[in-house]
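Student: Here the protein sequences come in this chain order: Z and B. Counting with this note's numbering, you get residues 2 to 461 for the letters of the first sequence. Counting with this note's numbering, you get residues 2 to 461 for the letters of the second sequence.
Misleading hints may appear alongside valid ones.
Which copy is meant is left open, so a pair is good if it fits within one copy or across any two.
Only pairs whose alpha carbons sit at most 30 Å apart, straight line, appear in this in silico BS3-like list of lysine-lysine [as the list claims (entries may be wrong)]:
| # | residue 1 | residue 2 |
| --- | --- | --- |
| 1 | LYS361 | LYS68 |
| 2 | LYS431 | LYS54 |
| 3 | LYS291 | LYS311 |
| 4 | LYS443 | LYS428 |
| 5 | LYS428 | LYS307 |
No lab work stands behind these hints, which were simulated from the structure alone. On a predicted model such as this, the values are computed, not experimentally measured, just so you know.
In case you want the letters, here they are:
Protein chains: 2
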Amino acid sequence: MRFKKIDREDIKRLSKIVGKERISQGMSNLKLHSLDQSHHRESLPDVVIWPVKEEEVSEILSYANKKMIPVTAWGAGTSLEGNPIPLFGGIVLDFTLMNRILRIREEDFQADVQPGVIYQDLNYRLRHRGLFFPPDPGARATIGGIIANNASGIRSLRYGSARDNVLRLRVVLADGSIIDVGTRANKSSSGYDLLRLFVGSEGTLGIFVEATVRLRGIPEYTGSAIASFEKIEECAEAVTQIIKAGIIPACLEIMDQECIKVINKIKGIGLSVLPTLLLELHGGSSSQIKEEMEICSEICFSSGCKSFRKGLQKEEYSRIMEARYSLGESIRKANPGRIHTVLDVAVPISSFPELVSFAKKETERYKIPSYIFAHAGSGNLHLAFMGKKDEEEWKRIEEIKDRIVEKAILLGGTATGEHGVGIGKRKYMKIEHGEAISFMKKIKKLFDPNGILNPGKIFP
Amino acid sequence: MRFKKIDREDIKRLSKIVGKERISQGMSNLKLHSLDQSHHRESLPDVVIWPVKEEEVSEILSYANKKMIPVTAWGAGTSLEGNPIPLFGGIVLDFTLMNRILRIREEDFQADVQPGVIYQDLNYRLRHRGLFFPPDPGARATIGGIIANNASGIRSLRYGSARDNVLRLRVVLADGSIIDVGTRANKSSSGYDLLRLFVGSEGTLGIFVEATVRLRGIPEYTGSAIASFEKIEECAEAVTQIIKAGIIPACLEIMDQECIKVINKIKGIGLSVLPTLLLELHGGSSSQIKEEMEICSEICFSSGCKSFRKGLQKEEYSRIMEARYSLGESIRKANPGRIHTVLDVAVPISSFPELVSFAKKETERYKIPSYIFAHAGSGNLHLAFMGKKDEEEWKRIEEIKDRIVEKAILLGGTATGEHGVGIGKRKYMKIEHGEAISFMKKIKKLFDPNGILNPGKIFP
Numbered sequence: 002m003r004f005k006k007i008d009r010e011d012i013k014r015l016s017k018i019v020g021k022e023r024i025s026q027g028m029s030n031l032k033l034h035s036l037d038q039s040h041h042r043e044s045l046p047d048v049v050i051w052p053v054k055e056e057e058v059s060e061i062l063s064y065a066n067k068k069m070i071p072v073t074a075w076g077a078g079t080s081l082e083g084n085p086i087p088l089f090g091g092i093v094l095d096f097t098l099m100n101r102i103l104r105i106r107e108e109d110f111q112a113d114v115q116p117g118v119i120y121q122d123l124n125y126r127l128r129h130r131g132l133f134f135p136p137d138p139g140a141r142a143t144i145g146g147i148i149a150n151n152a153s154g155i156r157s158l159r160y161g162s163a164r165d166n167v168l169r170l171r172v173v174l175a176d177g178s179i180i181d182v183g184t185r186a187n188k189s190s191s192g193y194d195l196l197r198l199f200v201g202s203e204g205t206l207g208i209f210v211e212a213t214v215r216l217r218g219i220p221e222y223t224g225s226a227i228a229s230f231e232k233i234e235e236c237a238e239a240v241t242q243i244i245k246a247g248i249i250p251a252c253l254e255i256m257d258q259e260c261i262k263v264i265n266k267i268k269g270i271g272l273s274v275l276p277t278l279l280l281e282l283h284g285g286s287s288s289q290i291k292e293e294m295e296i297c298s299e300i301c302f303s304s305g306c307k308s309f310r311k312g313l314q315k316e317e318y319s320r321i322m323e324a325r326y327s328l329g330e331s332i333r334k335a336n337p338g339r340i341h342t343v344l345d346v347a348v349p350i351s352s353f354p355e356l357v358s359f360a361k362k363e364t365e366r367y368k369i370p371s372y373i374f375a376h377a378g379s380g381n382l383h384l385a386f387m388g389k390k391d392e393e394e395w396k397r398i399e400e401i402k403d404r405i406v407e408k409a410i411l412l413g414g415t416a417t418g419e420h421g422v423g424i425g426k427r428k429y430m431k432i433e434h435g436e437a438i439s440f441m442k443k444i445k446k447l448f449d450p451n452g453i454l455n456p457g458k459i460f461p
Numbered sequence: 002m003r004f005k006k007i008d009r010e011d012i013k014r015l016s017k018i019v020g021k022e023r024i025s026q027g028m029s030n031l032k033l034h035s036l037d038q039s040h041h042r043e044s045l046p047d048v049v050i051w052p053v054k055e056e057e058v059s060e061i062l063s064y065a066n067k068k069m070i071p072v073t074a075w076g077a078g079t080s081l082e083g084n085p086i087p088l089f090g091g092i093v094l095d096f097t098l099m100n101r102i103l104r105i106r107e108e109d110f111q112a113d114v115q116p117g118v119i120y121q122d123l124n125y126r127l128r129h130r131g132l133f134f135p136p137d138p139g140a141r142a143t144i145g146g147i148i149a150n151n152a153s154g155i156r157s158l159r160y161g162s163a164r165d166n167v168l169r170l171r172v173v174l175a176d177g178s179i180i181d182v183g184t185r186a187n188k189s190s191s192g193y194d195l196l197r198l199f200v201g202s203e204g205t206l207g208i209f210v211e212a213t214v215r216l217r218g219i220p221e222y223t224g225s226a227i228a229s230f231e232k233i234e235e236c237a238e239a240v241t242q243i244i245k246a247g248i249i250p251a252c253l254e255i256m257d258q259e260c261i262k263v264i265n266k267i268k269g270i271g272l273s274v275l276p277t278l279l280l281e282l283h284g285g286s287s288s289q290i291k292e293e294m295e296i297c298s299e300i301c302f303s304s305g306c307k308s309f310r311k312g313l314q315k316e317e318y319s320r321i322m323e324a325r326y327s328l329g330e331s332i333r334k335a336n337p338g339r340i341h342t343v344l345d346v347a348v349p350i351s352s353f354p355e356l357v358s359f360a361k362k363e364t365e366r367y368k369i370p371s372y373i374f375a376h377a378g379s380g381n382l383h384l385a386f387m388g389k390k391d392e393e394e395w396k397r398i399e400e401i402k403d404r405i406v407e408k409a410i411l412l413g414g415t416a417t418g419e420h421g422v423g424i425g426k427r428k429y430m431k432i433e434h435g436e437a438i439s440f441m442k443k444i445k446k447l448f449d450p451n452g453i454l455n456p457g458k459i460f461p
């Protein structure tokens, strides 16, 4: 790819579009936009711009497209596969200032938002109305980033991924033109589904400037429980059995004993140091919760669980959940001086125990600190490695990751459940998608003929 | 479009692929594949072929693509917008013989099926396992047709459309090559979403030869009710309020008094001749059903309902539902000698009462028998007209339809909620999608450069 290096003339022209206050070539700003939360190498943009309206985004893209300057959209930089790292420099569009909640359509369970709205800020605004936006990938992620990566998290088992919770997008294309895709109606069979093509396209097909997202009602009845097992394989088996029983918990999370050690230490929580299952039920009545909890308890015990504590007090449950949410951060704190990488694969639920068992055996062959945790009910496994700054060690980590990803694909699964392809998963695209990848490339070419949008991502 | 007319040489070559028993140019077979259940004009194919395996489909497409012969896939012919009418003749591929349920993956809530499997046959096979495939557009539709049109029906409010219930497709492309799209994992952020691009593409991008569909557990607890209102507007208002209350019924259907008259007459059901709401609740406990039913009852009464009968006996409820399912047929029977057309639009639920009121006023201006019914909880309105064989009358019907579709789009909705674009909705695509339509066209060109797949559909 032959991109143009940004020069003074470009900066002059771009400054005219947004004014001098919202464009920067300062090293600290470039550095802040050179790296997400992954282990991938940093790459500096040439300039960072903070647009405040779609007209600016359109003008910038139109200019960049003519001049062959790469443009990468930036939300909060919380992604985990290098998705917004500007590999070829150029312009980073930081959407922090386009962070308005434009309209909450309570009666339709919808909200119109700008891409820079922070996930937890939206839900904070919604809570008094009894509503929430569910994908839940992490509190500080932006809605734009969530949609771009088709992100999700702890509660996607019940409420789906970003793709299931977006109704409409307003998109600026590479040439600066603007299109609307999707509809605010709850169902449609009108033409090709461009909406879901943009969701998860990681800023490579267009840049969102507005989204209508689907909201859900905060459940009236909830229940929670925590269960400990001797072996993580038993824990995984219990998860499969709960799903098989037809129960759809809001959250069905696994953490291995290494994760528990870390959160006990960093967060001062005194959980038994055993593979642990975290269960949260949402429902329409207390008797439903009670009944489902009973079934889950029976399944856990028959899968070999050592303890099953239900009816946790709100305060205790909140502390445990907070520890789960900040698990990645805690793992990093517990391993100073090491670099972390998180594996993210998903398989059909019946294959989940086999995947977990395979992953465990793989990690045991090496002495690199590793942590298994999973949105288990969705068959979505994570595995965090904390590697030394040592080339040999990272080669080994990459080897383990390769084997686990290939195993997941072999089991009918996917190379990424929720983190996106970014840089790290490009090499598996051919194995997972076969010939279909060539059509993805053609679609990329169709929307972005010059290849200026987030170049170097998704494709091998 | 310049297509080749099929000649004897073509027939010879095609016969070699499938054998002489599964290819026909007999007039009765051509006639059977010239028309769906819509009012659109018949158009005969040149030949009908019944493939039994993907290799045949691949060879046929490869040949047709080289020779510029149109190919249209055919399921059960139950669509309502002319979706499978072979407008330019050529080959119709009838998938009736590719009707095997390949595998039921009970533990994953998934089934692998061939496209010719009939909707009710699949659910008949699944019922002893406590599972069902939910889109529910009509008992005799094929899975292939359901996916091609992104069809849905009475229970899509709770369980989604076809698009929400397909995980993987095996697709033969125009040139005969075969790709797999999607994954059997329950979540994925791996590359562009080609799966959902194919769902709803009406056989214009590729032809499905296998699908993995998502199954749901048959609910343990259900409840049903029937409510009568003086005015259909009140009925629509009650629906909006029920959804606003955060209740997600499995079914929330409206029929106007004209529909009730028809089913009373044809099916011998003695319902009050008033606008009627049909409510079905699914849930995890009887107390949840009871509580939700209480709320629905209160809402209906405060919206002006005259009677609210809950706890219908299973037999009575089945009879009413059967009458609802065969409503289209009953309307045709009640109007012998007339031609029927069904409008299908959807809007955000808050706009549903306004749409219903608008539609009612529009129809009252004419004296054409018309029937309002709706998957109301999804904001999905249907309006059946029974027109005389009279050009003037059909012009008026088209005018009313135009106005209602344009109103729906103006209200943030869509030209088709579940029937697809086919022939009838092509003219609204530009109004609904604006510039996005040009990208749909480019995607069509990308997958089917010669335009042989179901030509003349979707695009204006």
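Student: Compare the structure with each hint and give your call.
Tutor: Here is how each hint holds up against the structure:
With identical chains, the CA atoms of LYS361 and LYS68 are never at most 30 Å apart, being 49 Å at best within one copy and 55 Å at best between copies. Proximity of LYS431 to LYS54 under the C-alpha cut-off of 30 Å is restricted to the inter-copy arrangement: shortest distance 26 Å between copies versus 38 Å within a copy. Taking identical chains as interchangeable, the C-alpha atoms of LYS291 and LYS311 lie at most 30 Å apart whether they share a chain (10 Å) or sit on different chains (26 Å). For the homomeric pair LYS443 and LYS428, the shortest alpha-carbon distances inside one copy (18 Å) and between copies (28 Å) are both at most 30 Å.
For the identical chains of this complex, LYS428 and LYS307 are neighbours neither inside a copy (41 Å) nor across copies (64 Å), given an alpha-carbon limit of 30 Å.
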